[in-house]
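Given next are the chains, with one letter for each unit.
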Amino acid sequence: MLPVTHYLFLSFALYFIGFTGVLTRRNLVVKLFSIEIILNAASINFMVFARLYGAPTGQAFSILVVAMLALELFVALVIIAAVCSRWKCATRDYGKALSSQLDY
Amino acid sequence: MLNHILSAFRTYMHGDGAMLLPEMQLFLFAIGTLAMDSWAANAPSESAEGSPVYQQNYWNPAIALAGIAFSALTLGMLRARIMQSGELAGFHLTLVIDNYFVFFSALFLAATALVILLSVNSSTISPVRQGRYFALLLFACISMMLMVSAVDLVVIFLAVEAAAICAYFLAATPGLSNRTPSAAVRFVFSSALGSALVVYGFSLLYGLSGASNITQVARALGSRHNVAKVIALSHQSSQQGLQMLQLLQLRLPEAVHWHAFTLEVLPIAAFLLVSVGIIVKFAVPPFQAAFNDANGEKDFGIPGPVILYLSGAFTIAAAALLVRLLFTIFADSQNIWWYIIAGLAICGIGYGILGSLRQTNLERIVVYSSIGQMGYVLLGIVAANEGAATAMTYYLFTYLFMVTGLFGVLIAVGEKNAPAGFLSDLSGLRQRSTVMAVLLIVFVLSLAGAPPTAGFFGRYFIFHSLLETGHRYIAWFVALSSLPLAYSYLRIAVDAWRGNKSASDSTAVVFGVREAIVLGICVFVSLAAGLYSEPFTRMARYAFGQ
Chain A
1 MLPVTHYLFL
11 SFALYFIGFT
21 GVLTRRNLVV
31 KLFSIEIILN
41 AASINFMVFA
51 RLYGAPTGQA
61 FSILVVAMLA
71 LELFVALVII
81 AAVCSRWKCA
91 TRDYGKALSS
101 QLDY
Chain B
1 MLNHILSAFR
11 TYMHGDGAML
21 LPEMQLFLFA
31 IGTLAMDSWA
41 ANAPSESAEG
51 SPVYQQNYWN
61 PAIALAGIAF
71 SALTLGMLRA
81 RIMQSGELAG
91 FHLTLVIDNY
101 FVFFSALFLA
111 ATALVILLSV
121 NSSTISPVRQ
131 GRYFALLLFA
141 CISMMLMVSA
151 VDLVVIFLAV
161 EAAAICAYFL
171 AATPGLSNRT
181 PSAAVRFVFS
191 SALGSALVVY
201 GFSLLYGLSG
211 ASNITQVARA
221 LGSRHNVAKV
231 IALSHQSSQQ
241 GLQMLQLLQL
251 RLPEAVHWHA
261 FTLEVLPIAA
271 FLLVSVGIIV
281 KFAVPPFQAA
291 FNDANGEKDF
301 GIPGPVILYL
311 SGAFTIAAAA
321 LLVRLLFTIF
331 ADSQNIWWYI
341 IAGLAICGIG
351 YGILGSLRQT
361 NLERIVVYSS
371 IGQMGYVLLG
381 IVAANEGAAT
391 AMTYYLFTYL
401 FMVTGLFGVL
411 IAVGEKNAPA
421 GFLSDLSGLR
431 QRSTVMAVLL
441 IVFVLSLAGA
451 PPTAGFFGRY
461 FIFHSLLETG
471 HRYIAWFVAL
481 SSLPLAYSYL
491 RIAVDAWRGN
501 KSASDSTAVV
511 FGVREAIVLG
521 ICVFVSLAAG
531 LYSEPFTRMA
541 RYAFGQ
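Chains as they are written, first to last, in the working numbering: chain A, 1 to 104; chain B, 1 to 546.
Since the hints were made in silico from the structure, they are not lab data. Heads up, a few of these hints could be off.
Stated by the list, open to error - Simulated coverage check for chain B against chain A, where a stretch passes if three residues somewhere in it have a Cβ under 8 Å from a Cβ of chain A:
{"hint": "1", "region": "158–167"}
{"hint": "2", "region": "205–215"}
{"hint": "3", "region": "237–244"}
{"hint": "4", "region": "530–544"}
As the list claims (entries may be wrong) - To give an idea of the chain A side of the interface with chain B (calculated C-beta under 8 Å), a few residues:
{"hint": "5", "residue": "L8"}
{"hint": "6", "residue": "V22"}
{"hint": "7", "residue": "A41"}
Beta carbons: idealized from backbone N, C-alpha and C, even for Gly.
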């Protein structure tokens, strides 16, 4: 196994990308993806540590994180769809690309 | 076969199952509310103008309240049990039933009951299929109870997520409210960011300790300095280093993969991620929503009772979870991290006060100043002695009733014609209803921290514990910052008492039995906890098992 530090660097890089994405991007879907990237970084951490300690807790945690990730994605997309249908896309601007309509 | 199942069920209910009984009862009643909703569908009748008119359905809130009553009863029985036999731990040490859990669960049940009473007939909640609204409130209550009962990182994470998802749906389901939920999107995103930060922090904690139970995590973190020293020694190429390396490989094989520096830095990162993540997740979202000034909207886009639930019960749950995590996992390094928490608290207080001073929207004033209120609770974590523990629980307890009372007045005053959205809507309230004006003044004085009320004692206890532990400057900051905070609250009351409104608007305020019950309870706590605080401080001490 590689030293833990290597994996930590990878997950921290992912975390940093995700965090920057959430703070700087204006598109709702890209923001959502950025949050998912942070969760993936955490999931990598859990897998690494589960391997390190040879304990199943980390693996269970990482599966739960993935399940939660899917659930959160689902809920957030539903809410975006619901809000957009009422709020922004009600005045649909066909001249604009869909991506810019999702800008917040 | 059936006997088998029944006996297995009975064993379960006598063992671990008993610990989950309050939550289970709430769950069953929440399902019942949903079922009742489809059974007694609320069919609209046509009014004279042709718009659909919905009958008020009292079944759903009644079932939800019954669930809370049963759950509270079971909680009382659990309390009696832990008084006899000490705290219970079960589900492989992932859940505990202790005084802390009992105190905060009772608080969440009370908060949910008050919000349910205020939501009946509320014009901001859509009358179509109201059952799902009440069911969501119960589900949120269950997850908050699990949040204070969980002592395992995995379960804490699941409970936090469940609470957050209930909050998303409460705030953002368009069919639930009659208002446009444009602000809800911000809410969902900042909350999701908060949970991502918390999970990352948890992953680091798990990595540092190899355990997920928070007491085991704390034990592992406590010995990290020594482990880091040994690792640093083992990296030397001398004879001693080689010996250390062999010893490490023998005794602590995982430590070979670590670097001494990462072992020292990661706990700090984990602390920052967990504390900031929880604050972002539960405390900031309502305030994020408050930013949404677009279109000069009169409201958040989130119904009044839901804002109350988010800025009352959810914030209290976050504070309770934060206190449990910080005092269990990071207890031994409190002398280091209190700077960070103090900084966060002072920023929160300043931000809340400045934000509330420039608002004219009532809900926003209340919500902004509740950041300030939570800042004072965080300062209790800074002091971290016995008095501070009492102060924090007393503060959270009384804060819930004060803020519910204030929101209750706003909802009761503004419901029928124009919602009490802005300061000017309350102007001349005394001419419309003297009782309401007096109640408003009581709650406002209490939140502002005027002497004979509960708010004053909460802040005084915090002040006192800060002085006791030698944080003199922070204590004076608490005292001085109360003045602008008091101003931002008091201008609500002054306008309501002295303002004049044109005669055409001055309809009398009618309020029903439910509002009377809610306001009665809230005004009782706000005054009684101040005038005769001894039973209340005893209750607050109970939470920490003192």
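Going through the hints against the structure:
Restraint check on the region 158–167 of chain B versus chain A: 3 residues with Cβ-Cβ distances below 8 Å, three needed, restraint holds. Residue count for the region 205–215 of chain B with a Cβ under 8 Å from a Cβ of chain A: 5. That meets the three needed, and the coverage hint holds. Given a C-beta distance limit of less than 8 Å, the hint that chain A covers the region 237–244 of chain B is violated, as 0 residues qualify and 3 are needed. With 0 residues bearing a CB less than 8 Å from a CB of chain A, the region 530–544 of chain B misses the requirement of three and the coverage assertion fails.
A cut of 8 Å between beta carbons decides the hint on L8/A: the least distance to chain B is about 7 Å, and the hint holds. Contact between V22/A and chain B, as hinted, is supported at the beta carbon level, the nearest pair being about 5 Å apart and thus within 8 Å. For A41/A, the shortest C-beta to C-beta distance to chain B is roughly 6 Å, which falls under 8 Å, so the interface hint holds.
Hint check: violations occur at hints 3, 4; the rest are consistent with the structure.
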